[in-house]
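Enquirer: In case you want the letters, here they are:
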Amino acid sequence: MVHWLFAVGILFVGLCLFAEALAGREVWHMRRWRKYLWPGLTFVLGVFLWPVMAFFTNSAIHMYAHGSWADALMLAGAAELGLVHGRLKSPLWRFTWPLAFLVTGTAFIVHEQNPWFFARSAFLHHLIGWTFIIGALAPLALAFRPRSAAFQAAFAAVIVVVSIQLFSDRDVAPIFGHLSPLAGQQHR
Amino acid sequence: MNTTFVTEAAQQHDIRAHAISLLGPLVSAAGLVWAILQPDRITLLHPRGQGFWWLAVEPPLYVVVAGIVFTLVVARPLLADLERHRATTG
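Here the protein sequences come in this chain order: A and B. Per this note's numbering, residue 218 is the first one in the first sequence, and the count goes up by one each step. Per this note's numbering, residue 112 is the first one in the second sequence, and the count goes up by one each step.
No lab work stands behind these hints: they were computed from the structure. A portion of the hints provided could be inaccurate.
What the hints assert, rightly or not - Negatives, chain B to chain A, calculated, CB over 12 Å:
{"#": "1", "residue": "121"}
{"#": "2", "residue": "143"}
{"#": "3", "residue": "147"}
{"#": "4", "residue": "155"}
{"#": "5", "residue": "156"}
{"#": "6", "residue": "159"}
{"#": "7", "residue": "182"}
{"#": "8", "residue": "191"}
{"#": "9", "residue": "194"}
Claimed, not checked - Reference listing, derived: stretches of chain B covered by chain A, where coverage requires no fewer than 3 residues with Cβ under 8 Å from a Cβ of chain A:
{"#": "10", "region": "127-139"}
{"#": "11", "region": "163-174"}
To be verified - From the derived model, a few chain A residues whose C-beta atoms are all more than 12 Å from chain B:
{"#": "12", "residue": "220"}
{"#": "13", "residue": "277"}
{"#": "14", "residue": "303"}
Backbone N, C-alpha and C define an ideal beta-carbon position, used for all residues, glycine too.
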């Protein structure tokens with residue numbers, strides 16, 4: 218259920234990124250509030266991952282994973298806020314996004330200890346992890362070519378794909394007909 | 112200025128404007144399709160026995176709302192700015 222709430226926020230960030238890629242950075246920055254919109258939302262999502270870590274995790278490895286996502290999202294969001302505000306000048310700050318993707322992807326894969334076809338959530342953890350790791354190429358390319366609409370659209374596409382994957386998550390459900398008896402009764 | 116270039120730029124601008132205006136409605140439509148395909152996901156339709164969180168979190172409706180909010184809050188002002196930018200830059 219928490220995954221779905223985050224999926225909505227991530228979907229909105231993805232839509233903003235698509236819109237910025239289509240309109241161009243110059244037009245996107247014509248309104249002051251808009252240039253802070255998706256970096257700010259990213260930062261807020263990172264902040265909200267802390268209560269998820271505290272209240273919705275049931276093992277140390279889950280806590281480490283959610284804590285590292287919180288750190289990575291807050292860092293990437295804050296760096297982007299600093300860049301759009303003009304407070305941060307170094308283009309090296311753009312590498313916080315690929316870093317956040319790599320940290321997130323690795324955390325997803327490492328903290329899922331069941332194999333791909335154990336249950337739907339296990340499958341999605343592996344899939345989202347690899348999506349982030351391979352998708353890190355998009356923000357990495359964007360760090361080198363920050364004005365490229367194609368790379369920004371690719372970045373947005375990765376974010377939207379992750380949100381769809383999060384919307385597909387269920388408590389206990391089969392994946393392509395597979396559900397390990399160890400996963401428990403199917404529900405939600 | 113070469114009129115061919117002006118026409119091409121205007122066409123590209125129109126395509127981008129159309130794409131931006133379609134983003135929100137497409138997302139809302141996707142949420143609506145999801146709601147129709149999986150009505151059990153909307154616990155408000157069968158609220159008996161559901162806890163607070165299952166009633167509060169309605170993913171297909173959230174997708175619909177995300178599309179509507181994006182259209183009203185982001186896409187419309189952005190399209191106005193795109194038009195303004197086009198008018199000032201020619």
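Enquirer: Each hint needs a verdict: does it hold in this structure or not?
Expert: Right, here's what the structure says about each hint:
Taking the minimum C-beta to C-beta distance to chain A, about 15 Å, the non-interface status of residue 121 of chain B holds against the 12 Å cut. Residue placement check: residue 143 of chain B keeps its beta carbon more than 12 Å from all beta carbons of chain A (closest about 14 Å). The claim that residue 147 of chain B lies off the interface holds: its Cβ sits roughly 15 Å from the closest Cβ of chain A, which is beyond the 12 Å cut-off. Once the 12 Å rule is applied to beta carbons, residue 155 of chain B is consistent with being away from chain A; the minimum gap is 15 Å.
Annotated as non-interface, residue 156 of chain B keeps its C-beta farther than 12 Å from every C-beta of chain A; the closest such distance is 15 Å. For residue 159 of chain B, the non-interface assignment is confirmed: its Cβ lies about 16 Å from the closest Cβ of chain A, beyond the 12 Å cut-off. Non-interface status of residue 182 of chain B relative to chain A is broken: a Cβ of that chain comes within 12 Å, the nearest being about 10 Å off. Under the 12 Å C-beta cut-off, the non-interface status given to residue 191 of chain B relative to chain A is violated; the minimum distance is some 9 Å.
Listed as outside the interface, residue 194 of chain B is inconsistent with that label: its C-beta sits roughly 10 Å from the nearest C-beta of chain A, within the 12 Å cut-off. Residue count for the region 127-139 of chain B with a Cβ under 8 Å from a Cβ of chain A: 6. That meets the three needed, and the coverage hint holds. Counting residues of the region 163-174 of chain B whose beta carbon lies closer than 8 Å to any beta carbon of chain A gives 6, which reaches the threshold of three, so the coverage claim holds. Not every Cβ of chain B is farther than 12 Å from the Cβ of residue 220 of chain A; the closest lies at roughly 9 Å, contradicting the non-interface assignment.
At roughly 25 Å from the closest C-beta of chain B, the C-beta of residue 277 of chain A stays outside 12 Å, upholding its exclusion from the interface. Every C-beta of chain B lies more than 12 Å from that of residue 303 of chain A, the closest at about 20 Å, which supports listing it as non-interface.
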